[in-house]
Amino acid sequence: MTKGVEFIKLGLWAALVWSSPLAAQTVEPESPERYRKSHSFTMPDPGNANATAQLRDSQPYSGTPGLNYLFDSRTTKLLDLHKKSNEGTSEADGFRIQIYAGGDQNLANEARADFLATFTAEGYEIHQIWDPPHFRVRVGDFRTRTEAMNALPNIRRIFPDGFVVADKIKLKKAKKPQVAPDGTAPLSPGPNPSGR
61 MTKGVEFIKL
71 GLWAALVWSS
81 PLAAQTVEPE
91 SPERYRKSHS
101 FTMPDPGNAN
111 ATAQLRDSQP
121 YSGTPGLNYL
131 FDSRTTKLLD
141 LHKKSNEGTS
151 EADGFRIQIY
161 AGGDQNLANE
171 ARADFLATFT
181 AEGYEIHQIW
191 DPPHFRVRVG
201 DFRTRTEAMN
211 ALPNIRRIFP
221 DGFVVADKIK
231 LKKAKKPQVA
241 PDGTAPLSPG
251 PNPSGR
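The sequence shown maps to residues 61 to 256 in the working numbering.
It is worth saying that the hints were derived from the structure and are not from the lab.
Among these hints, one or two may not hold up.
In silico DSSO-like links for lysine-lysine, alpha-carbon gap of 30 Å or less [claimed, not checked]:
id, residue 1, residue 2
1, 143, 230
2, 144, 230
3, 144, 228
4, 137, 228
5, 232, 137
6, 143, 232
7, 232, 144
8, 230, 137
9, 143, 228
Small disclaimer: the values here were computed from a predicted structure and weren't measured.
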């Protein structure tokens with residue numbers, strides 16, 4: 061019976077609190093937009109090599125359609141740090157095509173020479189590796205397996221046992237496009253002014 065009495069007391073107390081004038085007041089929830097710092101992001105002009113992306117403060121929502129990114133100032137610092145750490149990187153995970161693996165260095169040298177004689181125009185890098193007790197000859201620096209698989213049929217014409225392997229590859233430095241003196245557009249060869 062004591063549990064029933066306590067339950068009734070609790071019910072009466074709850075009814076009293078809910079019927080009080082303080083409970084009748086409603087408080088509007090505060091919008092979190094007030095505390096968010098908003099930035100708008102402008103992509104650089106692809107034709108202008110000197111252009112950079114711009115990040116500037118803006119109002120959280122002005123009523124005009126558009127895309128606003130919400131960035132903390134520390135985010136841009138982390139992105140800059142990530143960019144600087146990757147600038148010095150010369151190797152990455154990638155794929156190569158292995159054309160020889162065996163214990164005979166002379167056969168590895170012959171496979172390398174045959175490849176150079178046949179595929180000089182394609183510009184593939186050749187890597188001869190001594191991984192005891194095997195010599196391995198691998199070619200190409202492919203970022204994706206798909207790139208390596210596309211090159212494989214051409215190489216298999218001469219090296220039928222060639223196959224794709226995962227390996228650390230050398231990264232090529234990206235070339236910056238040449239820009240016109242006024243900085244507006246990349247230079248292109250265009251038509252020959254002499255008409256020939």
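Results for each hint:
1. 143 with 230: holds (18 Å)
2. 144 with 230: holds (18 Å)
3. 144 with 228: holds (21 Å)
4. 137 with 228: holds (29 Å)
5. 232 with 137: holds (26 Å)
6. 143 with 232: Roughly 16 Å between the alpha carbons, so the hint for residue 143 and residue 232 holds.
7. 232 with 144: holds (17 Å)
8. 230 with 137: It holds: about 28 Å lies between the C-alpha atoms, which stays within 30 Å.
9. 143 with 228: Status holds; Cα separation ~20 Å.
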